[in-house]
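**Q** These protein sequence lines are chains A and B, in that order. Residues 75 to 563 (the numbering used here) make up the first sequence, in order. Residues 75 to 563 (the numbering used here) make up the second sequence, in order.
Since the hints were made in silico from the structure, they are not lab data. As the structure is a computational prediction, the values presented were derived from the model and not from experiment. One should not assume that every hint holds.
[Said to hold, decoys possible] Once the Cα atoms are required to be at most 27 Å apart in a straight line, the calculated DSSO-like pairs of lysine-lysine come out as:
#, chain 1, residue 1, chain 2, residue 2
1, B, K482, A, K482
2, B, K127, A, K470
3, A, K135, B, K475
4, A, K127, B, K482
5, A, K404, A, K415
6, B, K169, A, K135
7, A, K255, B, K470
8, A, K312, A, K302
9, A, K470, A, K482
10, B, K127, A, K475
11, B, K135, B, K169
12, A, K470, A, K255
13, B, K255, A, K255
14, A, K470, B, K135
15, A, K482, B, K127
16, B, K135, A, K475
17, B, K288, B, K312
18, B, K255, A, K135
19, A, K288, A, K312
20, B, K255, A, K470
21, A, K312, A, K255
22, A, K255, A, K288
23, A, K135, A, K169
24, A, K127, B, K404
25, A, K127, B, K475
26, A, K302, A, K288
27, B, K404, B, K312
28, B, K169, B, K127
29, B, K288, B, K302
30, B, K288, B, K255
[As the list claims (entries may be wrong)] Calculated Cβ distances over 12 Å to all of chain B for the following chain A residues:
#, residue
31, E90
32, Q201
33, A231
34, A343
Don't be surprised by glycine CBs; every beta carbon is placed ideally from N, CA and C.
2 protein chains.
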Amino acid sequence: MPAIANSPLYPIMHPERVAVIGASNNMLTMGTTILNNLLSLGFQGQVFPVHPKLNQVLGLKAYAHVGEIPVVPDLALVVVPTPIVPQVMRDCGAKGIRRTIIVSGGFREAGAEGRQREQELLAIAQQYGIRFIGPNCIGVVNPFHRFNTTMFHYNAAPNGFIGMASQSGSFITQMFSHLAKFGLGFSQGFSVGNQADIDLADCVEYLCACDRTKVIGLYIEGLTRADKFIRIAREVSKTKPIVAMYVGGTEAGRRAGESHSGALAGSDAIYEGVFRQCGILRASSIEELFDFCWALGTQPLMAGNRVAVFTNSGGPGAAAADAADRAGLKLPALSLPTRQKLRASVPHTGSLNNPIDLTFTRSFEDIMEHIPRILLEDEGLDGILMYFLIVVDNFKCLLGKADSSVFKTAAEYEEYILRLCRRLARLVQSYNKPLLGSSFLTRDEGFIRELEDLGVPILPSPERSARAMGALYRYSRMRQALIAGESKR
Amino acid sequence: MPAIANSPLYPIMHPERVAVIGASNNMLTMGTTILNNLLSLGFQGQVFPVHPKLNQVLGLKAYAHVGEIPVVPDLALVVVPTPIVPQVMRDCGAKGIRRTIIVSGGFREAGAEGRQREQELLAIAQQYGIRFIGPNCIGVVNPFHRFNTTMFHYNAAPNGFIGMASQSGSFITQMFSHLAKFGLGFSQGFSVGNQADIDLADCVEYLCACDRTKVIGLYIEGLTRADKFIRIAREVSKTKPIVAMYVGGTEAGRRAGESHSGALAGSDAIYEGVFRQCGILRASSIEELFDFCWALGTQPLMAGNRVAVFTNSGGPGAAAADAADRAGLKLPALSLPTRQKLRASVPHTGSLNNPIDLTFTRSFEDIMEHIPRILLEDEGLDGILMYFLIVVDNFKCLLGKADSSVFKTAAEYEEYILRLCRRLARLVQSYNKPLLGSSFLTRDEGFIRELEDLGVPILPSPERSARAMGALYRYSRMRQALIAGESKR
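One chain only, chain A, in its complex shape (with noise of 0.2 Å):
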């Protein structure tokens, strides 16, 4: 793979110096909201709004034409009406600008002749050596580099690992707030729109190239460049993981696609065959796309198939097991060793089959401790899945009416709780298997947080948490294969 400094897109994703063509003080328009956004990340270059009859845009002084800007910018975005983007595109290529992010639609996605506008700007970016975004796209984001060309705030983690391109500007913005109820966050993020020069497969390339990016995320209605996105995508995943979700193979998906991004897309079973081919994941929904990125950009890979299910409550195991084996897992019998080691920390009505199931919580050490321990030791186990009830509430409502030896106050409590987590992160990182947990308790409690920022994944429900896991072995054996069928050569 190149190195990222190489790639067309390194300057998209760290500009020093942007043009804003098609923004206003209207906050009604989208280019108003894209600056404001832009300048509300923080972002700490210099910022050029372009403008035919303002003087100052959002306090910023403001240009008349591209021309005009004392410097010459790395980026341009564009969002002005469709029939005025040639132009635009002219006039920044004139300028010396040799990337944009069009943001405007009218294009392949609106019929013939918005195809033929297509090809017009294709022509002039080749005129000028112009490397573009879109169009009909909302732009990137970048949170390392305070970098949001979006028309929603970044309000997810700044220090994210997801690296996602999609065909859909949505799940690029509209999943801000979503990975935030989770503590995560994007490493970078690419809508690209039409995808009529930069597509796919030139992001999945530089994000294998870019480090703070774990997992790649792909969203996709209809791939414009097979061959390119086969090649490139086969060889990416042997060294990251690619999660795809893949909506054009119904024909409800298709047609949606079509008037979306102007996607030509293919049958299911055309699309699976390629997804096998290059050792992608398919999800079946974004939520899942995200459930599998977060396992996978956490934990390391599986040897087998083996996991436990470890839980204090009876019905939530049940689930995960059911859901474990739907996903291609096995629940073993423990072995006799693991089960006489478990023997003191599981009450006479729990059980010592797999599930692991406690059936009420006697020592939150045996819980958060000794018993993820016995299980992460054992050769025979591949994984695990760890079901996660901590009640802070019922604990907090008793105080002062009931006795306790051991804690007085909630404070108390809820500190001896979040060291316990501490320690639960420290340990299942000094093995070498993966650990995921699930909860329908939320980042809303204390202690969900606390684990999933020590990078303990904390499902939000036990089927979910095992479809994850599910995910991690597949992963871990297509990647084998692929080594594997490379070395062959």
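The hints should help you fit chain B onto chain A, whose structure is shown.
**A** Only chain B this time, still in chain A's reference frame:
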């Protein structure tokens, strides 16, 4: 179906005098937590703690023995060590108590000795005419009676419409916070445990008679009395939808259920057959179960499977379309008259195909009123999937920086959006056609909360709204078939 007051479950869900056997002042025991929760929901009846040594429990006068309680309780909660449960049941019987909830475990789920103990319980119950829930359960919740015998605070909606019976207590209690995420709640909830006496079928029969219950949710590890269940469920499905999650269909799920609730599971194929015969919808996860319940408990039935997807974001629209197709729905091309009516409300970059995609927000009135009205009026459509994206944050952030002729303050803008939400909810109610919303935003956003509280479900993703609509359609068809089958006899 029998009247609700004749159900053996009625006194369990509406007691006036409750004995709590096994609570103490030690905050770490289950009995104490249960008593505390019972009190904290504001239960209006009398509560009598029974404890051999204490004079007071959580501030209430305690009795050394059930026999010493000055009245005859109509219900006893039994949370004592396994070996003394039979004697406690005898004491209850001798006192004249005719309903108990046995929380204690260590019965059928715990091997041969436990099975024998459970037989003993049954014999005692028969001797005294006691009907009971459990053992190995965590009781019931009836928010309308402010009655909660579980270990969790009930923090979901106080006026819920989902009646749930579950072989896992967790899928009652831990769902409180899950349902609260969506403004949902239980009408009635049962953890049935080992079902030694009262079983899932009894709960289904009761829930059918309960006016507050609009839809019935079941978590099943294995049916104990299948014939009875089928007979009752088939009858209930004619008037009230039932959604079930079944985990015993895989090897791992079967084993997990066995050690959890001692259930006898069967293959997926057998249960699929049972569910079809009964008109029960099967959910593939607990999250999906509640998604389906949300749609089925709030929306009218569907006359056919033709839906429109309406969005202002292309990707979520395509994802909804793809998922709808997979869920058995059709996205027909819109009729010419409908297209003509829509034209004024859809920007030129938008699409009048199905999905109807605005591509951006030009007018909130178009989104929240004009377009939904046109789609609701179209007789060629049986349901509407609507993706919601209204960003209040961006607007707030622009206030004071850019011009707006429309709103001066964030509060003004928010109130405007809430007014539109109320108009949309009223509009939908005036048609007999389901509308399911979706958004990646949560109830933390005021407009989502408003819509949900007015009965417009906002599922957490477009795919989940499409699958829920699919469930609504499948139930509409199954119900028709069940009723037609009856009229043929």
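**Q** If a hint holds in the structure, say so; if it doesn't, say that too.
**A** Going down the list of hints, with the structure as the test:
1. A threshold of 27 Å between alpha carbons decides the hint, and for K482(B) with K482(A) the separation of about 50 Å lies outside it, so the pair is violated.
2. The straight-line distance between the Cα atoms of K127(B) and K470(A) is roughly 26 Å, inside the 27 Å bound, and the hint therefore holds.
3. Pair hint K135(A) plus K475(B) holds up; C-alpha atoms about 14 Å apart against a cutoff of 27 Å.
4. Using a Cα cut-off of 27 Å, the hinted pair K127(A) and K482(B) holds, with the two alpha carbons roughly 24 Å apart.
5. For the hint linking K404(A) to K415(A), the alpha-carbon distance of about 22 Å falls within 27 Å, and the restraint holds.
6. A C-alpha spacing of about 87 Å is found between K169(B) and K135(A), which places the hinted pair above 27 Å, so the restraint is violated.
7. Straight-line distance between C-alpha atoms of K255(A) and K470(B) comes to about 21 Å, which keeps the hinted pair within the 27 Å bound.
8. Restraint check for K312(A) and K302(A): satisfied, since their Cα atoms lie roughly 16 Å apart, inside the 27 Å limit.
9. Between the alpha carbons of K470(A) and K482(A) the distance comes to roughly 10 Å, so the proposed pair stays at or under 27 Å and holds.
10. For the hint pairing K127(B) with K475(A), the CA-to-CA distance comes to about 18 Å; that is within 27 Å, so the pair holds.
11. Distance restraint check for K135(B) and K169(B): the Cα-Cα separation of roughly 18 Å lies within the 27 Å cut-off, and the hinted pair is therefore satisfied.
12. Taking the CA atoms of K470(A) and K255(A), the gap is near 25 Å; set against the 27 Å cutoff, the hint holds.
13. The suggested pairing of K255(B) with K255(A) holds, with an alpha-carbon distance near 12 Å, which does not exceed 27 Å.
14. Among the hinted pairs, K470(A) with K135(B) is consistent with the structure: their alpha-carbon atoms are about 23 Å apart, no more than 27 Å.
15. Taken as a hint, the K482(A) and K127(B) pair is honoured in the structure, with Cα atoms around 24 Å apart against an allowance of 27 Å.
16. Restraint check for K135(B) and K475(A): the C-alpha separation of about 14 Å stays at or below 27 Å, so the hint holds.
17. Proposed proximity of K288(B) and K312(B) is supported: the alpha carbons are some 13 Å apart, at most 27 Å.
18. Between K255(B) and K135(A), the direct Cα distance comes to roughly 45 Å. Violation of the 27 Å bound is thereby established for this hinted pair.
19. The straight-line distance between the Cα atoms of K288(A) and K312(A) is roughly 13 Å, inside the 27 Å bound, and the hint therefore holds.
20. For the hint linking K255(B) to K470(A), the alpha-carbon distance of about 21 Å falls within 27 Å, and the restraint holds.
21. Note on K312(A) and K255(A): the hinted pairing is violated, with a Cα-Cα distance of about 30 Å set against a maximum of 27 Å.
22. At roughly 19 Å between alpha-carbon atoms, K255(A) and K288(A) fall within 27 Å of each other, so this suggested pair holds.
23. A threshold of 27 Å between alpha carbons decides the hint, and for K135(A) with K169(A) the separation of about 18 Å falls inside it, so the pair holds.
24. Between the alpha carbons of K127(A) and K404(B) the distance comes to roughly 49 Å, so the proposed pair goes past 27 Å and is violated.
25. The suggested pairing of K127(A) with K475(B) holds, with an alpha-carbon distance near 18 Å, which does not exceed 27 Å.
26. A threshold of 27 Å between alpha carbons decides the hint, and for K302(A) with K288(A) the separation of about 22 Å falls inside it, so the pair holds.
27. For the given pair, K404(B) sits about 25 Å from K312(B) by alpha-carbon distance, which is consistent with the 27 Å threshold.
28. With a CA separation close to 20 Å, the supplied pair K169(B) and K127(B) stays within the 27 Å bound.
29. Proposed proximity of K288(B) and K302(B) is supported: the alpha carbons are some 22 Å apart, at most 27 Å.
30. The straight-line distance between the Cα atoms of K288(B) and K255(B) is roughly 19 Å, inside the 27 Å bound, and the hint therefore holds.
31. Its beta-carbon lying about 24 Å from the closest one in chain B, E90(A) satisfies the requirement of being farther than 12 Å from that chain.
32. The Cβ of Q201(A) lies farther than 12 Å from every Cβ of chain B, with a closest approach of about 26 Å, so its non-interface assignment holds.
33. A231(A), annotated as away from the interface, keeps every beta carbon of chain B farther than 12 Å; the closest lies near 16 Å.
34. The claim that A343(A) lies off the interface holds: its Cβ sits roughly 14 Å from the closest Cβ of chain B, which is beyond the 12 Å cut-off.
Violated hints, listed in ascending order, are 1, 6, 18, 21 and 24; each of the other numbered hints is respected by the structure.
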